[in-house]
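2 protein chains.
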Amino acid sequence: MNEIRVFSPATVANLSCGFDILGACLDKVGDELVVRKTKKKGIVITKITGQELSKDITVNVAGVSALALLRETEVDCGFEIEIHKGVKPGSGIGSSAASSAGSVFAINQLLGKPYSNKELIKFAMEGEKAACGSLIADNVAAALLGGFTFVKDGLNHDYFKLCTPPELFFTVIHPQIEIKTSDSRAILVKEVSLEKMTEQSANIGAFIAGLYTDNYELIARSMVDSVIEPLRSTLIPKFNDIKEISLSNGALACGISGSGPSIFALSKGFSTANDIALAMKKVYSKTDLEYDIHISPINDEGIKIIKVK
Amino acid sequence: MNEIRVFSPATVANLSCGFDILGACLDKVGDELVVRKTKKKGIVITKITGQELSKDITVNVAGVSALALLRETEVDCGFEIEIHKGVKPGSGIGSSAASSAGSVFAINQLLGKPYSNKELIKFAMEGEKAACGSLIADNVAAALLGGFTFVKDGLNHDYFKLCTPPELFFTVIHPQIEIKTSDSRAILVKEVSLEKMTEQSANIGAFIAGLYTDNYELIARSMVDSVIEPLRSTLIPKFNDIKEISLSNGALACGISGSGPSIFALSKGFSTANDIALAMKKVYSKTDLEYDIHISPINDEGIKIIKVK
Chain D
1 MNEIRVFSPA TVANLSCGFD ILGACLDKVG DELVVRKTKK KGIVITKITG QELSKDITVN
61 VAGVSALALL RETEVDCGFE IEIHKGVKPG SGIGSSAASS AGSVFAINQL LGKPYSNKEL
121 IKFAMEGEKA ACGSLIADNV AAALLGGFTF VKDGLNHDYF KLCTPPELFF TVIHPQIEIK
181 TSDSRAILVK EVSLEKMTEQ SANIGAFIAG LYTDNYELIA RSMVDSVIEP LRSTLIPKFN
241 DIKEISLSNG ALACGISGSG PSIFALSKGF STANDIALAM KKVYSKTDLE YDIHISPIND
301 EGIKIIKVK
Chain P
1 MNEIRVFSPA TVANLSCGFD ILGACLDKVG DELVVRKTKK KGIVITKITG QELSKDITVN
61 VAGVSALALL RETEVDCGFE IEIHKGVKPG SGIGSSAASS AGSVFAINQL LGKPYSNKEL
121 IKFAMEGEKA ACGSLIADNV AAALLGGFTF VKDGLNHDYF KLCTPPELFF TVIHPQIEIK
181 TSDSRAILVK EVSLEKMTEQ SANIGAFIAG LYTDNYELIA RSMVDSVIEP LRSTLIPKFN
241 DIKEISLSNG ALACGISGSG PSIFALSKGF STANDIALAM KKVYSKTDLE YDIHISPIND
301 EGIKIIKVK
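Residue numbers (our numbering), protein chains in the order written: chain D, 1 to 309; chain P, 1 to 309.
Simulated from the structure, these hints should not be mistaken for laboratory data. A couple of the hints might just be wrong.
The list makes no distinction among identical chains, and a pair is therefore deemed to hold if it is satisfied within one copy or across any two copies.
[As the list claims (entries may be wrong)] Pairs of lysine to any residue, SDA-like flavour, derived with a Cα cap of 25 Å:
#: 1; residue 1: LYS309; residue 2: LEU278
#: 2; residue 1: LYS268; residue 2: TYR212
#: 3; residue 1: LYS281; residue 2: GLU80
#: 4; residue 1: LYS196; residue 2: SER226
#: 5; residue 1: LYS180; residue 2: GLY50
#: 6; residue 1: LYS309; residue 2: LEU111
#: 7; residue 1: LYS118; residue 2: ARG221
#: 8; residue 1: LYS47; residue 2: THR213
#: 9; residue 1: LYS118; residue 2: VAL224
Model the full structure from these sequences, guided by the hints.
And the structure:
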């Protein structure tokens with residue numbers, strides 16, 4: 001195998017009740033990366049489509065994560081990377097994660113899989129650090145492991161895949177405004193009350209129990225965030241309207257995807273997810289906002305191989 | 001059925017990672033209650049053994065919970081209650097919960113079970129309120145549902161049983177000092193950092209995932225409490241020594257039971273639980289402290305019927 005084309009999916013982090021620890025993997029929306037072995041050692045980004053991004057491998061997250069992998073791996077070849085961006089940077093659905101996870105996944109395949117997908121997370125996290133300044137694992141773990149993923153302790157590489165109950169769909173709307181992760185972090189409070197801590201603990205615990213027992217009602221009433229969402233949602237136009245209309249159209253839950261501005265709704269079955277998409281569109285169509293909208297089942301597989309040569 | 005004798009178990013709340021939301025049900029150690037139907041309406045506590053406690057039904061938690069049940073239930077008889085205390089008040093293993101849950105369980109049986117065990121929790125919580133001033137559900141839910149239990153939102157009666165992985169044993173040591181729940185609440189901080197909140201969320205979420213996947217390593221590294229334990233443990237003699245020796249003798253985890261002073265260790269298999277008990281004893285035998293020690297499997301059933309007439 002000398003060349004591989006992969007689909008590297010967008011991801012939804014936080015999921016209301018799991019700030020910095022929960023992630024879910026989408027399908028349909030993502031980046032495509034083509035990676036080719038070269039005789040000349042080193043990494044070169046040869047082509048980027050879909051977005052204007054740097055080809056400098058110490059700046060572009062796909063280069064940064066690839067370099068992290070090669071620092072720990074003996075190889076007698078180099079790699080050319082083409083990046084076809086399907087996820088817009090700053091959208092809140094793991095744009096940098098898709099590229100940084102995709103590149104290490106592809107290189108690992110070309111090398112005969114010396115690493116498990118889980119082991120690749122630490123390299124992909126270096127890409128995340130280049131993008132947002134910290135070693136965040138939630139989006140890259142979701143992209144590499146698929147399904148719902150949990151980051152117990154990112155810095156100590158303690159993350160794992162949860163189970164994936166059937167029939168769940170995401171509807172994600174991305175209003176075309178950019179919120180920098182650093183800005184959406186700056187708006188957060190530094191301290192919360194013990195009662196809020198207990199409430200958040202109760203929500204994440206119940207959510208996990210709901211996942212493992214296919215209890216959709218429990219999942220729905222656990223995806224609540226009374227700490228982060230009230231602050232960050234002020235940065236997102238019409239957040240409350242989108243949330244209200246999603247819930248009244250059958251969403252189990254609705255919240256901010258990652259640090260926003262994308263808003264996700266989770267629902268059971270494609271038909272409900274589609275109704276929610278139509279309802280969300282109605283809200284933004286009354287404004288001047290441009291937006292993208294995606295409907296996606298849970299992608300249980302994570303990054304997918306499209307083609308090898 | 002005119003008379004019933006029940007065993008109402010002690011319980012371990014909090015379990016390090018689930019402050020106010022997690023509980024587990026013990027076996028072997030608990031109260032016994034005998035409840036008899038009487039022609040004369042009303043509740044009378046006729047006998048209490050094992051402890052000096054008030055027989056006033058508006059003060060004794062078994063009376064308070066029974067009254068709460070009768071307020072919502074039409075009955076044409078009354079009840080006599082005998083309480084044989086096996087759990088010492090102020091021990092931190094749910095002494096009041098055992099009595100308040102036991103009395104409503106027994107009365108419900110005598111009435112032909114108009115309520116599910118889950119529905120009885122709200123009545124038992126009234127007993128807890130009489131004991132500690134607030135409607136705490138974690139211990140009574142564990143006593144009534146058995147196994148590991150989760151309180152998502154006690155005030156709104158949102159609690160449920162988790163699963164019970166096999167082979168788990170508790171070792172619980174109770175140093176004979178009394179810590180009032182109100183005092184151990186007063187020592188708590190009012191606010192925690194966002195990082196601590198995330199850490200606690202990560203621990204409870206991972207613990208629940210560990211339970212549902214029989215992943216004992218994950219359970220072990222999730223039963224961590226860096227918010228409450230550092231404060232409350234200062235009230236418990238030799239806490240750090242007990243914890244250290246428990247972990248070095250094979251405990252998956254060790255922490256404060258409820259608001260203390262009892263200390264629990266969780267381990268896999270009776271033999272390890274017994275080793276831990278011996279090791280714990282060694283620590284306290286070097287002091288003047290008196291103590292009780294219990295080894296118990298998880299009681300998956302909860303309150304048990306001993307005899308009916």
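field: Copy assignment of LYS118 with ARG221, given that the CA separation must stay at most 25 Å
entry: Between. Shortest inter-copy distance 19 Å satisfies the 25 Å Cα cut-off; intra-copy 30 Å does not.
task: Go through the copies and call it for LYS47 and THR213: within, between, both or neither, with a Cα cutoff of 25 Å.
output: neither (45 Å within a copy, 44 Å between copies)
query: Is the C-alpha distance from LYS118 to VAL224 at most 25 Å within one copy, between copies, in both cases, or in neither?
result: This pair counts as between: shortest inter-copy Cα distance 24 Å, intra-copy 28 Å.
- prompt: Under a CA distance limit of 25 Å, which applies to LYS180 and GLY50: within one copy, between copies, both, or neither?
  reply: within (20 Å within a copy, 64 Å between copies)
field: Homo-oligomer pair classification [GLU80, LYS281; C-alpha up to 25 Å]
entry: Neither way: LYS281 and GLU80 sit 39 Å apart in one copy and 64 Å across, limit 25 Å.
query: Which holds for LYS309 with LEU278 at a C-alpha limit of 25 Å: within a copy, between copies, both or neither?
result: neither (41 Å within a copy, 64 Å between copies)
task: Up to 25 Å between alpha-carbons, please classify LYS268 paired with TYR212: within, between, both or neither.
output: both (16 Å within a copy, 22 Å between copies)
- prompt: With identical chains treated as interchangeable, where does the CA-CA distance between LYS196 and SER226 reach 25 Å or less: within a copy, between copies, both, or neither?
  reply: both (8 Å within a copy, 16 Å between copies)
Same-copy or cross-copy closeness of LYS309 to LEU111 [CA-CA at most 25 Å]: For LYS309 and LEU111, the Cα distance is within 25 Å only inside one copy (13 Å; across copies 74 Å).
Comparing the model with each numbered hint stated earlier shows that hints 1, 3 and 8 do not hold.
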